[in-house]
Every structure is written in structure tokens, then in C-alpha cells.
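Here are the chains, one letter per residue:
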Amino acid sequence: MNDVIIRVASESDLDAIMVIEHASFGSTAWPRESMAFELEPNPARHYFVAHDAGTMVGYGGISLVAGHHGDIMTIAIAAEHRGRGLGRRLMNSMLEVAKSQKAAEVFLEVRADNEVAQSLYRSLGFEQIDLRRGYYQPENIDAVIMKLDFTNTDSSGTPGPRVAAAPATGGKSDPLVLGIESSCDETGIGIVRGTTLLANVIASSMDQHARFGGVVPEIAARAHLEALQPAIREALKTAQVSLLDLDAIAVTNGPGLAGALMVGVGAAKALAVATGKPLYAVNHLVGHVGVDVLERGEVQTPTIALLVSGGHTSLLLVRDLLDDVELLGETIDDAAGEAFDKVARLLGLGYPGGPQIDKAAADGNPAAIRFPRGLTLPKDMDKHRYDFSFSGLKTAVARWVEVAESKGEDFSVADVAASFREAVVEVLVGKAVAACQAHNVPRLLLGGGVVANRRLRDVAAARCAESDIELRIPALDLCTDNGAMIAALGAQLVMAGREASSLNFAADSTLPVTQVQSI
Amino acid sequence: MSTFLAIDTSGGTSVAIVHNGEALGEIVIDDPMGHSENIGYALVEVLHEAGLAPQELSAVVVGRGPAPFTGLRVGIAAAIAFAQGIGKPLLGVVSHDAIARDFFATISDNDRAAIDAGSSLLVTTDARRKEVYWSLYSGLDSLGAPICVDGPHVEKPHDLEDQLDQKNVQRITTDIALSAVSLAQVAAANLAGGHTLTDVTALYLRAPDAVEPKAHGKFGKQVSS
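Line by line, the protein sequences are chains D and G. Each residue of the first sequence is one higher than the last, beginning at 1 in our numbering. Each residue of the second sequence is one higher than the last, beginning at 1 in our numbering.
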């Protein structure tokens, strides 16, 4: 029996499988075409075969919805090889994949008259949940529907084949992790050891977007492809490590620009396969929160996090960095950074708008013009208490300038810039502080590129001091998009003993913040 | 002795491992989307099929397109990272070359006669937006590398026809699908011919869609600050 190996099935196994299929299932055997289809490469199908000295003696397959459930599609052992425990080994291989892809439960159906099989399934933890009368025709045999609930069983079982990139490193302390970030216009490669920052290389395509007044997704994605290899090389050099030294690789798989994300995801998966390192797909926004471990060794929770950039304006309640992140609110139209860009363009200032507005506003009077504060009226508190809206503000600025121009008035750009900035900052800080108070959370963490804005930092500091809220602002190159925060979050997952992601996860432009790791 | 991993995402996701010209494994996922989902699985599977560890590969070959944007980049990004991961060379090949090589390697007598009479092979692939990418090939050189006489370019199909008619280009077409195995074979033939294949830039053949906003010049002059 030790000579029997279990391996992943391939399309070339079709002939041998069909021989056993016909012998085992007779008139109810699957047609050859159906089996061929099952064996095609498909991330949602996992077929294994048992091989005894070059002869196929059994096979089995599972259909999986990663993160959800699995269905045992079929399992058969050649008659003369039954009773050797091969069915159990095939089942274990399939269940191992189901477990690695975080399926919560696995279903199967079995003939009511097949006592041997049922007892095997029961010994693996399956329980009968239903009976379908006369399911197997023409013999009119009932089908027993069984379910294995992974949440009720311990995780013992024989190790399965390697379908995920590589096994997780099992709670290793101070793991060396390389992080890849490509969700917007910054190609970020970071390397950390545990909570220690070793390298943070950022290649930005910002200059290429300048003449368009905002990030052009296709330009950003093209730039990622070009920046990737040199950035990885530079990060390794800075950290003085080689790829072989790594314990894991982490990559942003969302949210962000789809085409841009895909460059990082494609590269990360290939790098993981090439080096045999486990891969962790992590959430960009949670990365902005997790980066604090690099400065303080941990993210103190609970904390409110205000993430403000050209792509995001989100208010999070973080009760636990890896397991409990809640989205309290986000922008319902433009991101704050986008509003800065648009208003800067309107005022004839350069790109990116944030620093330009900051500069222009330096001598301005923030109270000169009362621009609207989006979603702060009592009527908004019901549905949009923690949401943001900057589109109306941008229009209000445009209208104000238009009117002033049409009257031929000589107005102060400094006052307009300062008043606009004040409206943005007041809403951002106001809602963040309100969230701290409402949820009884004495901490506020800022992240995202707009944190570079001086006024935002000053107002946040003042308001937090008034309300006894501890304010955390990571260093600026850790606030803007970067790979170090992705590596840092990846390292947290490794240290917590989390399993690696599968290789099947998608780049998800609208990945919810509740999904810290994609599996 | 060469053992190439070839990756092409100019259409679906195709990967192959080719040892001295012979395919040890090939995975074709015919999905014109989903490249970033499929690529990791495809790489694991093809290594498994070939029974090789990544370190046993001698180079990575990548199809540079032409192809429309997003999917193409996934393959090139993966190839760049894989080559870096195993510390082996990365070789770039025009994806159309793989189709041309397949065509000439399995050419029918009729087509052979047409080529000998001066016709060229016209390779076209979907460029979306009602356009095609196209290249013209005259045959294979003595080492088996396709000889491209024009292209790759992007054009509307009827403009392409007009243009080729005007130049009196006799052509035959093929419906052969791209194979990563052929891509690796093209790379080997080119290397044998002394080409280095170091260019792995993506062949989009189109500028990014982006419009420069109108300048707000008028009021820039009028204001004080």
C-alpha cells in the first residue's frame, strides 16, 4: 500500500479514469465528455488519482467554492484495490484542498445501500443531513446526503497535495515578508522582518498623470509593469536579503484600479510559485492601518481609522486588525484627494492638487468663504452619518469662482483655496472624531496620501487633544501607498499562524474592507 | 540543453514547459478574461505536469502581444517575476510568431504551393474595438524562426484589406490558435540564430485612452493671490 501515490489528476488521465468509471458505475457512469470537462484546468475543480506502480487504481474529485463550500463530485476505487484505505486517502486529499480554500462545509451524496462508503464518510466526520427517495434510477435506490462541517471538527488529517502555493509557515515569529502594492499609481515594494521595516521602495507614475489632472488607469497599469522588476531588485538590495530568504510574499488584491491591481497580483503569484513561498493576498485599506506596527510594534485596538487619498475616503472601526474591521462610512462620490485635484485645476494650480492647494492656501483666510460641508446636515445623519461627499463642494467652488469672474471681481485664490481646504478638513476630522466618541474609541489613526496635508494634521491634532483622543499619524512615506504596509500586514498574518492564500484569488477593485485576507 | 517555461496571455492564459523543443507540459485556459486568477494555478499545474521544480528551468519565455491591455500585462508581469524568482533569463517573443511557426511547421501542400508562388501568411488576432492586430510572414528561416515581413500593426479589417490589396500582397490566413509550446520553440530558434530577445515590453500598439482636460487659462490671468 505504501507504493500507492495520490497525485493531482491531469487531462491525460482521462482514459484510465473512464475504465474505472465504467467498471464502477455501469449504466450510470458519466459520459467521457463530462469527465474530460471535469479534468480541464479549473480552479474550482480538484481531481486526484491513486496510482499503484504506474497503474491507476482510483480517483476522486471535489468541486469547490473557495471560502464557502465543497461538493464531492465522484470517487471510485478499482474493485480489486478496495479495502486498502485508498478511498480514505483520496477523500483526505480532497478535504485538505477544501480546508486550504477555507470551505466551511463539504457535501456528498451516497447510495443508501452502500454501507461501506457511508461508514468511511462518517469516520471522516460526515453526518447524514437528508435522504432523497429513489434518487438512483433505474434501481430506485435512495441517496443519503451527508455534510462535513469544518467548523465542528478539529483540523487533523493527512497533509494533502500542494494546490496552494506553499504551506503556511505556522506562526513564525519575525517572518521576512516582501510586499507588493500596485492598486493605484504607485508601484510599492516593501520588505519587513516581523514589525521591522527593512525596505520601502516606491516608484510613482504621478508625473505621467499630471497633464491629465488625475490618475489615468491605463497609464498607471503600464507604469507598474515597467517599474516592477527594478523595484523588487532595489528593495532586496536595500534590505540586504535574497528572495530565497523570504518567509512569505504579500500582495494587495484590492480595492483599487482593476488593471493596476492585476499587475501586482500576476507578479506575486508567479513569484510565489517560482520561489515556493507562501502568498498572502491582503486588503489595501487594512494595510494603511496595519502599517502602524512598523512604528509601534502593534496596532492598538480598538481604533478609528480615517483613510484619505486620491482613491479612497473611508472611515473604519478596527476592533482587531486581522479579524474585525468595520467600514463605518466612505465617500459617496469623489475621494477627498480627487476633490483637491479638481479644485486645483479649477484654480489654475498644478497636479497633484493637495500640495498645490496647501501652498496657495498658506496666506489665505479659511473663513473668507463659507463653502458647504457635505453630508453634515441633521437629515444626513440617518443614512450618511459617517459618509463623505465632495462633489457638491467642488461644484460650489466652481460656481463661486464663475460668479466672481462674471462680475469682474478681483478675488483671492488664497482665500478660495483656504476656504475649500477648510471645508474638506472640517468634515473629515469632524466625522472621525464623532465616530471615536460614538463608539467610545479613544484612538484615531490617519492614513492615505492626503495626510500629507498640513491643515488636516493640525486640525486633527487640535480636535483630538480637545476630546482626549490619541492621534496616530505614521511617517508620510508609510501613509502614502507603499509596499511596506502590505508586507507588514502579511507578516501579521504569518505571525498569527494564518494559512496562506490559494493561488486562485482575484484582483478585486471593490474588495470590502471586512475582507482583510483573500483566500 | 534548454528547458523553457513559456507564458502567453495575449488571448487566454497559455503556459507550457518545453525541453529541447519538446513539450513536457501545457496548460491552456481558454478564458479571455480571468488572467490574474488563472495564472498561478496554470503555473503550478504545468510544473506538475512536467514533473519539474522551478529551479530546473533554464529560462522564461513570454509573449509580448500584440494584445489589448489588461490580460497581456498579467502574463508579462508573471514572467518577469518568475524569471526573477528563479534567477534565470527572461526572453520576449512577439505572440504572432508562435502562430506563424505552427502554421509553417504543419503547412498543407496547397498552402505550400501558394507560399512558394509568393503569397505571405497573414496572422490576425482580435484587438477589440472592431480592429485586428496583424502581421505578415514569408516563412521560417533555416533555424525555424518565423520571418516577419510586416507588422505587428493594428487596423480596421477593411482598411487592412484595402491596404494589402493596394500593395498587391497575396496572402493566406490561418485559424491556428496560439500555443505557448510554439512560443518557446520560436524563442529557441531565435536564440540559435544569435538573437538575444531581451525586449519584453508589451506590444499594446495603442496609446492609453486619456484626454487632457481643457486648461482654465482664462481666469489664471485675472486673479490676484
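Rather than coming from a laboratory, the hints here were simulated on the basis of the structure. Take the hints with a grain of salt, since some may be wrong.
As the list claims (entries may be wrong) - Covered stretches of chain G, as calculated for chain D (at least 3 residues, CB under 8 Å):
1. 34 to 40
2. 43 to 51
3. 124 to 131
4. 148 to 156
As the list claims (entries may be wrong) - Taking lysine to any residue pairs in the SDA-like style, the calculated list, with each CA pair at most 20 Å apart, reads:
5. G:88 with D:74
6. G:88 with D:234
7. G:88 with D:147
8. G:130 with G:157
9. G:167 with D:243
10. D:147 with D:115
11. G:156 with G:142
12. G:156 with D:240
13. G:88 with D:115
14. G:88 with D:241
15. D:237 with G:88
16. G:88 with D:385
17. D:237 with G:87
Yeah, the Cβ is synthetic: ideal placement off N, Cα and C, and Gly gets one too.
### Query
Checked against the structure, which of the hints given earlier come out wrong?
Numbers 3, 4, 5, 7, 9, 11, 12, 13, 16, in rising order.
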